[in-house]
Amino acid sequence: MASVHESLYFNPMMTNGVVHANVFGIKDWVTPYKISVLALLYEMTASKITLPERRRLNKLILPLQQGPDLTLGQFLKTVEECCPQTAYAVKLRLHEMADGELKDMEYFFSTLPTPFTAFDTEAYKTSVVGLFMRHMLLAYNKLSFSQVYKLYKSLQHYYHSHYAKPMDGQVPALVADDSEMDLTSIEDTVGDRVDKEELDTPLHESELQSDNTPSRGPLSQKQAEYFLARQAYLLKNDENKALKPAALQEELNNMLKFNPDFAEAHYLNYLNSMRVQDIFLSAHSLLHYFDRLILSGNDGKSNGDEGYGRSLRYAALNLASLHCRFGHYQQADLALQEAIRIAQESNDHVCLQHCLSWLYTLEQMKGSDSTVLTEDSVKMAAHFCLPYLASLGIQSLVQQGATQGKTAHKLMDALKDTDILHWKHSLSELIEISLAQTTSIWRMYGKSTMSLQQAQLLLNMSSLEPVNFGVQQNNTEGFAVVLCHLAELHAEQGLYGVVSEIILHLKEQFPPHTQHAKLWMLCDLKIQFERHMNEGKYHLAEPLVTAIAALNQTEGLYRKAQVLKALNRNTEAYHILQQLQARCEKAKCTEMVIRVMLSTAELHWESSGFSTALPVLLQALALARQHHLQSLASETILHLAFTQLMLGVPEQALNVLHEAIEPILAHRAVMDKGRAMLLAARCQMAVAGFKPNRQGQAADLRLAASALDTLNEAAAYFSQLNCKERLRDVHYLQAQLHRSLGQILESNKSAMLFRLLDQELQSPAPPVSMRL
Amino acid sequence: MKMAALCSEFVDLVQIKKQLISVISLCKERGLLHSAKWASELAFALEPLPKDELPPTSPLTEEDAQDLDALTLAKSYFDLKEYDRAAYFLKGCRSQKAYFLYMYSRYLSGEKKKDDETVDSLGPLEKGQVRNEALRELRVELSKKHTAGELDGFTLYLYGVVLRKLDLPKEAVDVFVEGIHALPLHWGAWLELSNLVTNIEMLKSLSLPDCWIKDFFMAHMYTELQMIKEALQKYQNLIEAGFSKSTYIISQIAVAYHNIRDIDQALALFNELREQDPYRIDNMDTFSNLLYVKSMKPELSYLAHNLVEIDKYRVETCCVIGNYYSLRSQHEKAALYFQRALKLNPRCLGAWTLMGHEYMEMKNTSAAIQAYRHAIEVNKRDYRAWYGLGQTYEILKMPFYCLYYYRKAHQLRPNDSRMLVALGESYEKLSQQAEAKKCYWRAYSVGDVEKMALLKLAKLHEQLNESDDAAQCYMLYIQDIFSCGEQLEHAEVSTALRYLGQYYFKNKLYDEASLCAQRCCDYNDAREEGKALLRQISQVRDQIETPSADLFAPLSNNNTPVRRVSPLNLISFTP
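These protein sequences, in sequence, are chains A and B. The numbering used here numbers the first residue of the first sequence as 1 and each following residue consecutively. The numbering used here numbers the first residue of the second sequence as 1 and each following residue consecutively.
Fair warning: there could be bad hints in the mix.
[As the list claims (entries may be wrong)] Straight-line C-alpha distance at most 25 Å; calculated BS3-like pairs for lysine-lysine:
id	chain 1	residue 1	chain 2	residue 2
1	B	Lys312	A	Lys142
2	B	Lys245	A	Lys153
3	B	Lys114	A	Lys257
4	B	Lys113	A	Lys150
[Unchecked claim] FRET-style restraints, in silico, Cβ to Cβ:
id	chain 1	residue 1	chain 2	residue 2	range
5	B	Gln411	A	Glu250	24 to 30 Å
6	A	Thr403	B	Trp441	44 to 50 Å
7	B	Arg261	A	Ala547	52 to 58 Å
8	A	Thr514	B	Gly447	45 to 51 Å
9	A	Lys379	B	Gln463	20 to 26 Å
[Unchecked claim] Partner residues aside, some chain B positions facing chain A, computed with beta carbon under 7 Å:
id	residue
10	Ile369
11	Tyr404
12	Lys429
13	Leu430
Calculated directly from the structure, the hints in this document are not laboratory data. All of these numbers come straight from a predicted model, not from anything done at the bench. Here a beta-carbon is modelled for each residue, glycine too, at the ideal position from N, C-alpha and C.
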């Protein structure tokens, strides 16, 4: 309530009415801190200082002059670091004033070298120092009688509050004998002191909150601006270093209580509420901010480019983005249309461009095809010289192109071109996105090494952002994506220790409530799921499905089908797969379609429908090749080879397999490598004419021996992953092969290993031949 | 039964009068002018007491006698607003009365200095720091005495005020309740408490003394919490109990009627109030709002001139003059006077909102937004400011953006049709017809003030080719317009009749159609169409004369919901 009262006097609208505190148009006000700076400048001109010290002091002047107000302790410490002698002189001068009388301060101001008189000093009237001094002198001269007195009192407070607490050594001794000269002392000093002490003892918790401690008190304009800028920067780049949402909220409330006109605080409030997904508060703050902004920007009073019409457009646009963030697509659409309409009416092409880029983003989020819109946006953005929007559009196009099977080199070319643009304009955010995108694309194509390399490139790149707030690594979406890929790549190689470290880092960097936390949550779940599936612990994998489905429905359905298949509930699995395929084909989600086809084919095998599996697999292969999805293509080939083996053409199978084995060994997960080797061994055995349970009939001993080698290799891969079921199969085959080769000792050893694993697993072994 | 209990409390009006007289002198001695004024007004409304019934002045204690001179001196300084001086001479006095005056002058001195400082501050750095320095010291001293149990009703009241100013509402409420228990007749404490009660649950949870004054408090609270029906009931009871002459109660009832927009009742009461108390300025701004709504220029002009003669530097006067200029479409001057009102009292909520309206009229949208935002800052629950913000953005052609503000306003006044109609219009502009329909229908259901909702709903149905619904809405609209009796400027009965005529004609209900067409002829803008329709009807009738009437019977039976309202009802309407 009270704040309204005060704000009235600073209300631009009321200028012609109320006595305006800022009526002289002075931006600078004399504060105790400024007096200290003046004292420093005075000492610097007056006394002789050695050259290195002077240099250091000179470097200090600008930040001191333009920075926020410091406490006396901080100020003296900074000066002391440069020149202890000057610091002492400044301290002495301040002491003279604070413990003297009002006239001492007046005297100080009158002795300041007037820039108009001193031509040869640094304080010449047009120099930075001279300008500052002139400002201060002017401001001081404009003060009314009571204001001068108040300034003096606050100077005393400023000085004494520094010496009251920290050191009771030398200076308080100086203070003590002067106390009767204190202007403030009225006759009942003793009683007052007692009261003051009582006042300082906390009576109540709520009392503490309204307490006027330095951190809680009102901030000066500059301090507030600095605080807001810093927090906003941190929110954008490294949320963890920013204040916690609740603490920040409290600070902002405090700031707004004293200065309700500070519009930027409302904006930060909006950002802060977004962090905790509070739609009500964020919408409220956003609108409040723009209401305020419209006021401050009303100089133009026109609807043109500069007036408040401009902020109106952006207000609508921001509202659209807000709804977009919360997934209210219809609302976002309406707000966006409004923004577009107003922007069109006032011919604001830049704003329109922003609207357009939001429009395609919105379309994309809704799941419809927005290629045409995006292309338009890129063209227009390039035309209006908006590099940021243009390359954002290109990146979005690349993403769409990748999923739609555009040729790889075109995509990479486009990314390379935008990269040049980014470096040229130092758009560090876009560079990050671009690297993350390259990582994802390489991964999609199944080139794990390239993907790994790009990920490392981003992680090791030193950020272009100024690191003045100690931000080394940003927590933008790009980093989250790259780290997730990194985790998955390591999981594929069975390096679960590394994976858990990466996930831990992600958890720290992106706490669960933040915007990008879903990325690593899904990634973590997927890795766990794969691990359990590989180890055959289906009962552990099953509960994860629900969690995955909560984060990504399609992925959840697919995983569910996989678990059902593993548990031999084939009918249910088949239904889900059918459903999933229809859905993914509609959403043009090629990767998933191929995976679903592979799973369907596996289901056909279960019912010995090997010939029915063939067309499905061929279709999958065609799709994978068309979209350059190498990893899925080789996976499909593996499936094809197995089918052929089962259909009794092992030679063909072996031929086909040779085609795939190279990329698999180069890029695929350990599990896939093992499976490929196992299959190769079985093909070799079949080609060699080996039949189980018949001794010594191996037609081709050489082939049989190489099959043994392959099996050993497969065993090595499987044991790396602790995949006991498959290991059991391998041992079984090994035992048989050894026996057919007449190596009874090895055969017995393998048989024993098989027996041990069989006992451990307890579940009846499925027929060896029936799975890949 | 409740009535009976209430009456029995009020049987002893003489007793009440005695109490009032004694509390008036107590308040006066302590410089509590507003409470004294309230009590005196109420006492004036009661029968005068015979001489021997007058309550004796409270006997002086030993301490009082000792402090008498200092107190008299201090009181005279106090009355001349020399608070520090008063406090100085009261220091060391031991009587309760002197202690209260001592603390009270210190408090007022702090407040006065705070107001002076604000103008004379050291720039933006100090802007928020200006505060009543005395508050914390007062709090410490009072809390010590409080724990020792040495505070009487008046000092408890002061303690509560200090706590409230220090933003400690919870503690303040407790202290006020305690103070009220100690001295129930001090109206100031009740008023301060009413400022801290935010909802009905909180009101119910307070334990208040069972005194006749509690009824006044409850009535006041009900008005504040927008529970007008209950408030009116309370005030009615008070009048019946013997306070019929109280100007306070009359003004409160008038304000309550104003809040539920029962304009005629409120106007009548205000006129009565003006007769009884011609030099009254309190609540006259509300009166002028009513006159403004009714566009009663001469009355408003008379009121404005009258008030200027009484005292031109009062917030209420400025608001009245602002309204006067606004009604004369001199919006710059109106805004100037609202600004003056705000200068006199920056916490005056109504003036901010009214100023917003003026800026809107001047098409200065940014200034309007600023004014509305200020109003919201003073009171977040000011639905008019939210509504005004919505209107501003609507003028700026941002229908989606203004939805938020209208929604806020609607939230605060769920049963006000104006917000609902505004919401509906915005939805219509956004082509969200389904939402718009809901809004219009709801606006009609809660009692449409402007009688526009149904017409808009009907037009919406017409656009969507839902002819049955449209016809029904038009039918309801016509009934609504005629049943309210008075002639509305924007009434579009002819549109409705025209549509209905066509509709019946299409559905081959020729009798009804011709009736509507005839009615159409009463309006200038629809006369030609009415005649044309009549001709068409007679043509068609000639044609179907030859077949039989049997064909016609089933047709009229299987008809639409419109049949529910008999079109013949139209006969009773006199346009």
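Hint-by-hint comparison with the structure:
As the CA atoms of Lys312 (chain B) and Lys142 (chain A) are separated by approximately 34 Å, the hinted pair breaks the 25 Å bound. A hinted pair counts as satisfied when its Cα atoms are at most 25 Å apart, and Lys245 (chain B) with Lys153 (chain A) does not qualify at roughly 56 Å. About 17 Å separates the Cα atoms of Lys114 (chain B) and Lys257 (chain A), which keeps this hinted pair within 25 Å; it holds. Restraint check for Lys113 (chain B) and Lys150 (chain A): satisfied, since their Cα atoms lie roughly 13 Å apart, inside the 25 Å limit.
Separation of Gln411 (chain B) from Glu250 (chain A) is about 26 Å and conforms to the stated range, judged on CB atoms against 24 to 30 Å. Checked against the given bound of 44 to 50 Å, the beta carbons of Thr403 (chain A) and Trp441 (chain B), roughly 46 Å apart, stay inside it. About 55 Å separates the C-beta atoms of Arg261 (chain B) and Ala547 (chain A), a value consistent with the hinted range of 52 to 58 Å. Look at Thr514 (chain A) against Gly447 (chain B): about 48 Å separates their beta carbons, and that is inside 45 to 51 Å.
Our hint of 20 to 26 Å for Lys379 (chain A) and Gln463 (chain B) is violated, since their Cβ atoms are close to 38 Å apart. With a least beta-carbon distance of about 5 Å to chain A, the hint placing Ile369 (chain B) at the interface is held under the 7 Å criterion. Hint status for Tyr404 (chain B) relative to chain A: holds, with the closest Cβ pair at about 6 Å, below 7 Å. For the restraint placing Lys429 (chain B) at the interface with chain A, the shortest Cβ-Cβ distance is roughly 10 Å, beyond the 7 Å limit, so the hint is violated.
Interface restraint check: Leu430 (chain B) against chain A, minimum CB-CB distance 5 Å, threshold 7 Å, status holds.
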